[in-house]
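Model the full structure from these sequences, guided by the hints.
Chains as they are written, first to last, in our numbering: chain X, 1 to 270; chain A, 1 to 246.
Treat the hints with care, since some could be wrong.
Derived, one-sided and incomplete: chain A residues facing chain X with beta-carbon distance under 10 Å [to be verified]:
id : residue
1  : GLY77
2  : GLY101
3  : ASP103
4  : ASN115
5  : ALA117
6  : TYR121
If you are wondering where the hints come from, they were derived from the structure by calculation, not from laboratory data. Cβ coordinates follow ideal geometry from the N, Cα and C atoms, glycine included.
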Amino acid sequence: MTKTKAIFSNFKRYWFLMTQLISRDFKVKYKRSVLGILWSLLNPILTMAVMAVVFSQMFRFKVEGVNYIVYLMTGIIMFNYFSQASNMAMTSVVENFPLINKVYIPKYIFPIAKCLFIGIDFLLTLIPWLIIIALSYLGLGDYTCHFNWYYLLLPYIFFCMFLFTLGIGFFLSCVSVFLRDVWHIYGIVLTLWNYLTPVFYSIEILPAKLQTLMHFNPMYQFLTAARSIVVYGQRPSFTTLGILGLIGVVTLAIGAFVFKKKQDKFIYYV
Amino acid sequence: MIKIENVSMKFNLEIEKDFSMKQAFVDLFTKKKKKNKKNDDFWALKNVSFTVDKGEVVGLIGSNGAGKSTLLKVVSGVMKPTSGKVTVQGVISPMIELGAGFDGNLTARENIYLNGAILGYSKKFLDSKFEEIVDFSELKDFLDVPVKNFSSGMTAKLAFSIATVVNPEILIVDEILSVGDIKFQEKSKHKMMEMIKGGTTVLYVSHSLDSIKDLCTKVVWLEHGKVVKIGDTEKVCDAYYKDQMK
Numbered sequence: 001m002t003k004t005k006a007i008f009s010n011f012k013r014y015w016f017l018m019t020q021l022i023s024r025d026f027k028v029k030y031k032r033s034v035l036g037i038l039w040s041l042l043n044p045i046l047t048m049a050v051m052a053v054v055f056s057q058m059f060r061f062k063v064e065g066v067n068y069i070v071y072l073m074t075g076i077i078m079f080n081y082f083s084q085a086s087n088m089a090m091t092s093v094v095e096n097f098p099l100i101n102k103v104y105i106p107k108y109i110f111p112i113a114k115c116l117f118i119g120i121d122f123l124l125t126l127i128p129w130l131i132i133i134a135l136s137y138l139g140l141g142d143y144t145c146h147f148n149w150y151y152l153l154l155p156y157i158f159f160c161m162f163l164f165t166l167g168i169g170f171f172l173s174c175v176s177v178f179l180r181d182v183w184h185i186y187g188i189v190l191t192l193w194n195y196l197t198p199v200f201y202s203i204e205i206l207p208a209k210l211q212t213l214m215h216f217n218p219m220y221q222f223l224t225a226a227r228s229i230v231v232y233g234q235r236p237s238f239t240t241l242g243i244l245g246l247i248g249v250v251t252l253a254i255g256a257f258v259f260k261k262k263q264d265k266f267i268y269y270v
Numbered sequence: 001m002i003k004i005e006n007v008s009m010k011f012n013l014e015i016e017k018d019f020s021m022k023q024a025f026v027d028l029f030t031k032k033k034k035k036n037k038k039n040d041d042f043w044a045l046k047n048v049s050f051t052v053d054k055g056e057v058v059g060l061i062g063s064n065g066a067g068k069s070t071l072l073k074v075v076s077g078v079m080k081p082t083s084g085k086v087t088v089q090g091v092i093s094p095m096i097e098l099g100a101g102f103d104g105n106l107t108a109r110e111n112i113y114l115n116g117a118i119l120g121y122s123k124k125f126l127d128s129k130f131e132e133i134v135d136f137s138e139l140k141d142f143l144d145v146p147v148k149n150f151s152s153g154m155t156a157k158l159a160f161s162i163a164t165v166v167n168p169e170i171l172i173v174d175e176i177l178s179v180g181d182i183k184f185q186e187k188s189k190h191k192m193m194e195m196i197k198g199g200t201t202v203l204y205v206s207h208s209l210d211s212i213k214d215l216c217t218k219v220v221w222l223e224h225g226k227v228v229k230i231g232d233t234e235k236v237c238d239a240y241y242k243d244q245m246k
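Below, the structure is given as structure tokens:
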């Protein structure tokens, strides 16, 4: 109990630093750009537009009986969050070595700050995403996606995905201190992971064996749960929701455990 | 109060040697004899013990590489000692290196908040002390200029002003008095004196025996990671000076 209390008071103490690190990331990212933070909104809109054209018009991808554009966008924004946040969290500790070497700062701050930073971007992408869903009422993408009460479950699903991403980020940032090769390996892993997750296709086109294996892909679980609400208008089963929570918490616990075990050694590898 | 008990700090120099596939491949053919592993351990600190009582100003002296900076890092929590224990009561303000985390792309104003947050100040505190920092740094006209356009002197002035705006319970200082132009040097020296004489507990590293004699109530002389002498300022300083000039 006292330990949890200590964690919280520590968190409170460093919250201001966290906000400063996040706002630094934003300032540096949009420095000298005329549109500034608007790019956080424009960028996903334009990316989505490109993806929509490429997959639905050029490749003529389709998923039977659903609004493919909404199906695709939901997959893209969620997977993009995961890949960007985990990637930036991975490099965050090594990038801040000059700081770690000078002042005492709890090192877990860096992966968390990165996951939150990309998280804000993610929340901004939800705006164009919701607009696309609304446009389906006007006939965008053949089928209408109806807004429904189950949308209230989306924050929970996204939060579970956040925990999962943070766990991966903790683990990778820790390992990459000792073995910088991880940076290169993870780039490849992400590409593979992207294709092995039904972002722009439906799981039905895969061979039966792969379909069963797919259930062990956490990103598939997150995507499917969100899509069942948005695209199909159905509530994910409570078992599914429980599994999502479990995935998030367990991954975070493992990542945080490894990080905590090794964090005092970081300083030798500066 | 700072209590340092039997603190040892070991560095493994093996870590610094890059292991790579290329090296492994070359080694296959050159048949190098394996080096004695024991040589790779470097003890930056060995069984160092002393206490700094509340309100005491303790000077740390010793030649380059004696372990002074390592000791400061251990006390400020940047490093964990290999063995031994450090107990610190009170909030530490570490001035080991100034301007930690300055981001060249951000303006002076933004860096004040960023650096302040890194040093552990709260937003409220920074808001209330903002004017004081700016005044002391003499950089009022450059507040909205990115720090990367500053001269090194200006950056140092800004960093010093942020670091010294607090009244810490424990102050750890690693020779930073000489920053900026002559006028600022005098000003910063005065400020340091003020902080040190204000009743805070101080751990002070310097190569200037004059300033040590001036400020410290006790001196610890480190050499090769071991304590050579602890005690009265004059005596230890004189012994150290004689030893160095041999």
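I'd like to know which numbered hints this structure contradicts. Please list them from smallest to largest. Violated hints: none at all, because every hint is consistent with the structure.
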